[in-house]
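Colleague: Listed here are the chains, written in short residue letters.
Number of protein chains: 2
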Amino acid sequence: MTYCIAASINEGLILVSDSRTNAGIDNVSTHGKMHAFDSRPDRKIILLSAGNLATTQAVLEQMHRDKIKEAKVNINTVECLSEAADYLGHISVEKQKQHINTQGQSAFNPSATFILAGQIGGEPHGAYMIYAEGNSITTSANTPFLQIGESKYGKPILDRFLKLDTSIDEAARCCLVSMDSTIRSNASVGAPVEMLVYRKDSFAFQEYYCFDDGDDYMLQLRRSWETKLREAIAALPSLDKNAVKPMRVEL
Amino acid sequence: MTYCIAASINEGLILVSDSRTNAGIDNVSTHGKMHAFDSRPDRKIILLSAGNLATTQAVLEQMHRDKIKEAKVNINTVECLSEAADYLGHISVEKQKQHINTQGQSAFNPSATFILAGQIGGEPHGAYMIYAEGNSITTSANTPFLQIGESKYGKPILDRFLKLDTSIDEAARCCLVSMDSTIRSNASVGAPVEMLVYRKDSFAFQEYYCFDDGDDYMLQLRRSWETKLREAIAALPSLDKNAVKPMRVEL
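Protein chains in written order, with full-length UniProt numbering: chain A, 1 to 251; chain B, 1 to 251.
Just chain A, same shape as in the assembly (with noise of 0.2 Å):
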């Protein structure tokens, strides 16, 4: 399985995601997740993905390919981050379609799903998910980020934290920990953990790290996140014994 985050809030983007794949469960591999496109000083456009590894090497060979046959729509061409996104879709769509019919094992699922999230010319910094349908959908107020993959276990930290109004760098430090509960309970997600910051307007892809498995950083963060963790619950209020009940008994 696969776990990426996308936050677009006041600040600019947060993207994050791991770099496990598996075949099965004994067919374990690590294959980043985070696509970036550069290829012109106008665009800076970063695509995450999540399903099968076939679909999206296809799908980003497509767009290369593309790209260099200067097709009538390429990633050069999109005016804005609506029509890459529906660009992608028309891809994936098509690429899964070459082999959902395919003789094979009944569990062969061809889908993929995927985050663009980027800056095109004037346009604001933006962040799309692209289903497998082809169809799309983008942030908003209420809900500044998106998920792919194995996104339950790190949702809450994301639902309770995670304002248009946080500061970039929390954000990252909130993503980080949604990406390591995940690592933590799911053993399908896995590091090497990418993560780019990107600040609006900035079209410049300087803040990239990757953090291994091990990596110090990311052990102070766990370390640090558990300690605070065991002084939060330390701190609820205790449960009044006077709002006991009497237990309704079926048997």
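Be aware that a few hints might be false.
Since copy identity is lost for identical chains, a pair holds within one copy or between any two.
What the hints assert, rightly or not - Below, in silico cross-link-like pairs of lysine-lysine (DSSO-like), each with a Cα-Cα straight-line distance of 27 Å or less:
#: 1; residue 1: Lys72; residue 2: Lys97
#: 2; residue 1: Lys228; residue 2: Lys163
#: 3; residue 1: Lys67; residue 2: Lys200
#: 4; residue 1: Lys241; residue 2: Lys200
#: 5; residue 1: Lys67; residue 2: Lys241
#: 6; residue 1: Lys163; residue 2: Lys241
#: 7; residue 1: Lys200; residue 2: Lys163
#: 8; residue 1: Lys245; residue 2: Lys200
#: 9; residue 1: Lys97; residue 2: Lys245
#: 10; residue 1: Lys200; residue 2: Lys69
#: 11; residue 1: Lys200; residue 2: Lys97
#: 12; residue 1: Lys67; residue 2: Lys97
Please keep in mind that the hints were generated in silico from the structure rather than gathered at the bench.
Given the coordinates of chain A, assemble chain B onto it according to the supplied hints.
Modeller: Relative to the frame of chain A, chain B by itself:
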């Protein structure tokens, strides 16, 4: 959906369950999922249920009839929790079988999972999770808790905090945070939240709580938790800007 937790720690048991059931998103009801059996002074047994409500109710009804009719094996004759888990698993499989071949919607799924916890005679307290297939697992020193239903949202806090030697009061608050996080992040899990704190060898259902939506204590707990999380994120170590790496660009 449903979310239920059973923690089995040195000092005793914590059992927490939500009360939302749904047959489709437009057919939502409230049904408690915590069922107490108190038919003999030498045993206290609690059942938590997730999955098909008809199966759950049929299982409870059968257990009731077995007891009344003094069947060879019933909740009053089982000598330990693992025997009770086997008994329950057997009934559950029988009840599911009755409906699995019924003509109907293709999405029909009669499966149900249970947690059976408590204490019988001179045996130690404990908890078992009974799968839809009728087999069961119990807790261990490494993982002193079981979850059924929507378990992913609330797993990280249990993974990070809950140990065999955690005090029973802190374990109770930790389980409530796990439940509250799940309710916050998933609309299919909802109040009232039931909690039973069972102190080992007490053979009494004395500390039972039922928190309605908007309950004062749960609101305090949530506010306190969210404040502490913000403090925890603020206190996390800052990213080392010297750890920035060059980003590999694909296109």
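Colleague: Next step is simple, just say for each hint if it's right about the structure.
Modeller: A quick look at each hint next to the structure:
no., hint, verdict
1, Lys72 - Lys97, "within (22 Å within a copy, 58 Å between copies)"
2, Lys228 - Lys163, "both (21 Å within a copy, 16 Å between copies)"
3, Lys67 - Lys200, "within (25 Å within a copy, 68 Å between copies)"
4, Lys241 - Lys200, "between (51 Å within a copy, 18 Å between copies)"
5, Lys67 - Lys241, "neither (67 Å within a copy, 33 Å between copies)"
6, Lys163 - Lys241, "between (36 Å within a copy, 24 Å between copies)"
7, Lys200 - Lys163, "within (16 Å within a copy, 43 Å between copies)"
8, Lys245 - Lys200, "between (54 Å within a copy, 19 Å between copies)"
9, Lys97 - Lys245, "neither (58 Å within a copy, 37 Å between copies)"
10, Lys200 - Lys69, "neither (30 Å within a copy, 72 Å between copies)"
11, Lys200 - Lys97, "neither (36 Å within a copy, 58 Å between copies)"
12, Lys67 - Lys97, "within (22 Å within a copy, 57 Å between copies)"
This entry does not satisfy hints 5, 9, 10, 11, going by the numbered hints stated previously.
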